[in-house]
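Given the structure of chain G, go ahead and fit chain Z onto it with the hints provided.
Top to bottom, those sequences are chains G and Z.
Note that numbering that gives the first Met the number 0 has the first sequence beginning at 0, numbered continuously upward.
Note that numbering that gives the first Met the number 0 has the second sequence beginning at 0, numbered continuously upward.
One or more of the hints may lead you astray.
[To be verified] List time: in silico SDA-like cross-link candidates among lysine to any residue, alpha-carbon distance up to 20 Å:
hint, chain 1, residue 1, chain 2, residue 2
1, Z, Lys148, G, Val184
2, Z, Lys28, Z, Ala45
3, Z, Lys27, G, Ser64
4, Z, Lys28, Z, Ala38
5, Z, Lys145, G, Arg192
6, G, Lys85, G, Asp191
7, Z, Lys27, Z, Val17
8, Z, Lys148, G, Gly120
9, Z, Lys147, G, Phe19
10, G, Lys58, Z, Tyr135
11, Z, Lys145, G, Tyr125
12, Z, Lys147, G, Glu115
13, Z, Lys148, G, Leu143
14, G, Lys58, G, Arg88
15, Z, Lys148, G, Gly186
16, G, Lys58, G, Ser112
17, Z, Lys145, G, Asp191
18, Z, Lys28, G, Asp59
19, G, Lys58, Z, Ile21
20, G, Lys3, Z, Ile97
21, Z, Lys148, G, Ser122
22, G, Lys116, G, Ser80
23, Z, Lys148, G, Ile111
24, G, Lys58, Z, Asn40
25, G, Lys85, G, Leu73
26, Z, Lys148, G, Ala190
27, G, Lys83, G, Glu115
28, Z, Lys39, G, Ile41
29, Z, Lys145, Z, Tyr135
30, G, Lys75, G, Val86
31, G, Lys58, G, Leu143
32, G, Lys58, G, Thr107
33, Z, Lys147, G, Ala190
[Claimed, not checked] Residues of chain Z placed beyond 12 Å of chain G at every Cβ, according to the derived structure:
hint, residue
34, Leu75
35, Ser76
36, Pro77
37, Asp80
38, Arg81
39, Gly83
40, Ser86
In case anyone wonders, no lab produced these hints; they're calculated from the structure.
All values derive from a computational prediction rather than experimental measurement.
Note that CB positions come from ideal geometry on N, CA and C, so glycine has one too.
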Amino acid sequence: MLGKCFSVFCLSSIAYALVFGDLRALCDSVLLGASKSVTVIISIIGFMTFWNGVMEVLKDSGIISFLSRLLTPLLKHIFPSSFKNKVARDEITACISAGVLGLSNATTPLAISAIEKMNEGRSSSYATKDMITLAIIGCACFNLIPTTIISMRVSQGASISYEIIVPVWICSFACMSLGIILSRVIGAFSADR
Amino acid sequence: MQIVEKSSFFVIPFILFVVGVIILFGRKKDYFDSFLTGAKNGATSAVSLLPTMCALIVGVSMFTGSGIGDFISEGLSPFFDRIGVPSEILPLILTRPISGSASLASLGEILSRYGADSYPALCASVIVASTDTVVYVISIYFAKSKLKKTRYALPIALFISVFSVFLSCILVRAFF
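Just chain G, with the same shape it has in the complex:
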């Protein structure tokens, strides 16, 4: 998928530059782009290192499992069949709590194992409603602090940096709620196979 993305950008740019004749700008952009990638990585490396350390402390001290307990009453309504049958309950709560704290490295493996648990003993190749809801929540990636974006903005000299947190919360929460509602409504009209 990434390879395709790269080729589309490359080939369309080369074709356009050949037709309209600005090959110099094209060559410059290759060199500048390569050196810019280092600047972008450097701008996020420090804060990513620090923040991952902070999150590891929260994880080890049991704050995540505390958050999981707080979320359980809410999640009961979002994943009705998994919670009723006590399937993958812990995995789902752990995955969502990790997501809220912005542990994106931890969220994906937790979600994958939650779906594996929900899939145990099934032979169908169709996803269930609860699995789809979990995937949709993963897509909206609601998290408390968008650390990578803020550090990129700060390193580019932005005067509006932390202030983006609130619009991000609103947008992410709205997307997540809309996704959950849509997934439950559509789910109501189709049965799990």
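Relative to the frame of chain G, chain Z by itself:
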């Protein structure tokens, strides 16, 4: 609105306060060791992004540098302007559902090209921060359990992705 904006400055200090208390008073284990373990993983994963980022930033940079990006943006801008989305963020909208590093690459390009506090850059930042790479998430979540039929998951996810573009632009205009 002002209280809401001020509150965004309290989140990081609050979390660090909790972490400081845990490291100072935690008895179960040495929590500074946990910090170092996590930090090491963070550093490794940031550095391991470089090869992908390098390829994709070159791609995005060629796309804008050759003029084709501007050409397409100009063509779409009457339409984009009408719906309130800046056409400068087109490469970002195209890459956001597919890849996290590609959309970070587009964001980096937009931040440095138009200035971090410009309208397109603010919209781009909110879009990248508030939704994940939906196509990637859906494919990787179900792949290990060999669930090929994801039913209505992808349509909803793509719909959310488009919705987040509109909502982000509206929120940026409302806040800044």
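Next on the checklist: Hint by hint, where does the structure go against what was stated? Just the numbers, ascending.
Outcome noted: 2, 9, 10 and 13
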